[in-house]
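Novice: Here are the chains, one letter per residue:
There are 2 protein chains.
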Amino acid sequence: MSQQNGFHVAVVGATGAVGQQMIQTLIKENFPIRKLTLLSSARSAGKKIDVNGQDYTVEEAKPESFEGVEIALFSAGGSVSKELGPEAVKRGAIVVDNTSAFRMDENTPLVVPEVNEADLHNQNGIIANPNCSTIQMVVALEPIHQQFGLKKVIVSTYQAVSGSGAAAVEELMEQTQAILNGDVYEPKILPVKSDKNHYQIAFNAIPQIDKFQENGYTFEEMKMINETKKIMHLPELQVSATCVRLPVAVGHSESVYFEIESDDVSANDIKALLKDAPGVILQDDPENQLYPMPANCVGKNDVFVGRIRRDIDEPRGFHMWVVSDNLLKGAAWNSVQIAESLVKLGIVK
Amino acid sequence: MSQQNGFHVAVVGATGAVGQQMIQTLIKENFPIRKLTLLSSARSAGKKIDVNGQDYTVEEAKPESFEGVEIALFSAGGSVSKELGPEAVKRGAIVVDNTSAFRMDENTPLVVPEVNEADLHNQNGIIANPNCSTIQMVVALEPIHQQFGLKKVIVSTYQAVSGSGAAAVEELMEQTQAILNGDVYEPKILPVKSDKNHYQIAFNAIPQIDKFQENGYTFEEMKMINETKKIMHLPELQVSATCVRLPVAVGHSESVYFEIESDDVSANDIKALLKDAPGVILQDDPENQLYPMPANCVGKNDVFVGRIRRDIDEPRGFHMWVVSDNLLKGAAWNSVQIAESLVKLGIVK
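Chain order of the listed sequences is B and Z. Taken in order, the first sequence gives residues 63 to 411; the numbers are from the numbering used here. Taken in order, the second sequence gives residues 63 to 411; the numbers are from the numbering used here.
Honestly, I wouldn't trust all of these hints.
Not the full set, but computed from the structure, chain B residues with beta-carbon under 7 Å of chain Z [as the list claims (entries may be wrong)]:
(1) Y220
(2) Q262
(3) A267
(4) R369
Calculated directly from the structure, the hints in this document are not laboratory data. These figures come from a predicted structure and were not determined experimentally. Just so it is clear, CB atoms sit at the ideal spot from N, CA and C, and this is done for glycine as well.
Model the full structure from these sequences, guided by the hints.
Specialist: Rendered as structure tokens:
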């Protein structure tokens, strides 16, 4: 059992925004590491990364890179996961994949440990980490569903640009400075780098995240809809989403309307429930203007919930405001948490 | 009939963000003006304002200021409207009030000309201009209600700081520059100047606009709920709102979910309807990434609507994205439009 000395962990996409957070989170959370392998595309290979005072050289990710690796955290794009994920599994690693490549695959569990940790028992070597905006929402919804039964969800998101990567954050900052200076700045990345048109994000709001699907929803919206049903094991749950990109660097916010099955539940009942829910920090005191905000959640693992109140007309309807660091609980921390669960459940040993 | 030479118009709050827009809009729309009186608090009195190349001196607003005034546009805060609105009416003026002072008064019509122009016939000299975020929503909802019957509305807003006045825009810009410089900047105005705590708005989202009410909703949210029912003459309409302030200078956006009474209506039916609706510009072509954004609506009188699609689960449910310049259709332009309607209907003559 290698656990005595820790595990051989690989991070694929080590130079990206999420990969960087994965490395920092592994260290911060004292994940038991015997050996750390940092992998990337050929383009970024050779870069040096400081990990806890020690220099690591990033290597190009190839099938052979996974020899001896026990846990591989992937965050280098869907095509890399599709190509190299199975290669890592073939060599004995368990893969925690942060891309959308395997999320809706019926043989791949899609896991948020606070919600469906037990799904980790049914896998073929690949675990999918859900979309950032989905994760924070289901952490808040699961205890409500467990207690009162969940029927319907309508969410409008307020998402940070770091969800589009480090270059998008740079674009936001440079564009903001250009506009303050009265200069012209040509948008090149947002809303979607590979899409046809690019729009100003500074001092603006863009109602497009990821590409449009045939049904008029964006892929991000369909991810929230489909992933929520899968993670919560509620194929019949009604979910709709509108996803919007904001001039915020880090921290996704969500305005969530939900309807429950139970009668006679008050907003205070929901607050009492979420106060003790795993992974949730309740910040809900309107009188003292206490509510979650993205600027306050940066660098924290938790999901912050506030503004809980009953719908004006629908007695089983409620509204809440859910905020979390999209790079941590929305990505790196949830991946590391899955790795911790795999160890705790004896799946990796 | 004074209309031959135009009217004696007063603008109260002439030095404020909305007052400035009112003056510009009167000129731009060629409103027939015989005499223009610019009024303000004692603090701003004496300031000079250039109107179409002519210098006007702002005078302190007093009861006597309204002698001879035929149309008075108020935007100087609720207490000024409460004190001086009736004084203007007493002297023969008709008041178009942009504050919340009289909006829910049952003897005061609350008017969006595209929706309920006929309500102008039933007034006692004061017409209320609705809240900015309400106006743009009802312009988009009214044609849908007329055609298909409206049952339920759930809105999440993405509101610009200019709704809090010119000083709030200055705070956003200075704070943004400070953060880009790595400097510290103490928030002093947003979310609500007169409330206890002030929070960073730059690169953030604040789920509070106006003060909290006892039911956990903010006053802005209750304005959207109550004003929508009153303007649309639908006391039974189900409306809920979550209002959020963004780091955007001008232009409110809204993610609107609505349920209609009719069956077998498609998203294309809604689009066809809104394409020809008064005051609406349809911008809805996902394939070409065409949708409304605040950065593109600045300086325009219209309400822009896009992202129209049917709810995934509810056949009578739809989503849309509504954007407008909150200083124009949300305030100054709607006020001037009301004045135009008053002339057209012969109420002011």
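Novice: Against this structure, judge whether each hint is valid.
Specialist: Now for the hints, and whether the structure bears them out:
1. Y220: OK, holds: B/Y220 within 7 Å of chain Z, min 5 Å.
2. Q262: holds (5 Å)
3. A267: holds (5 Å)
4. R369: Holds, because the Cβ-Cβ distance from B/R369 to chain Z comes to roughly 5 Å (cut-off 7 Å).
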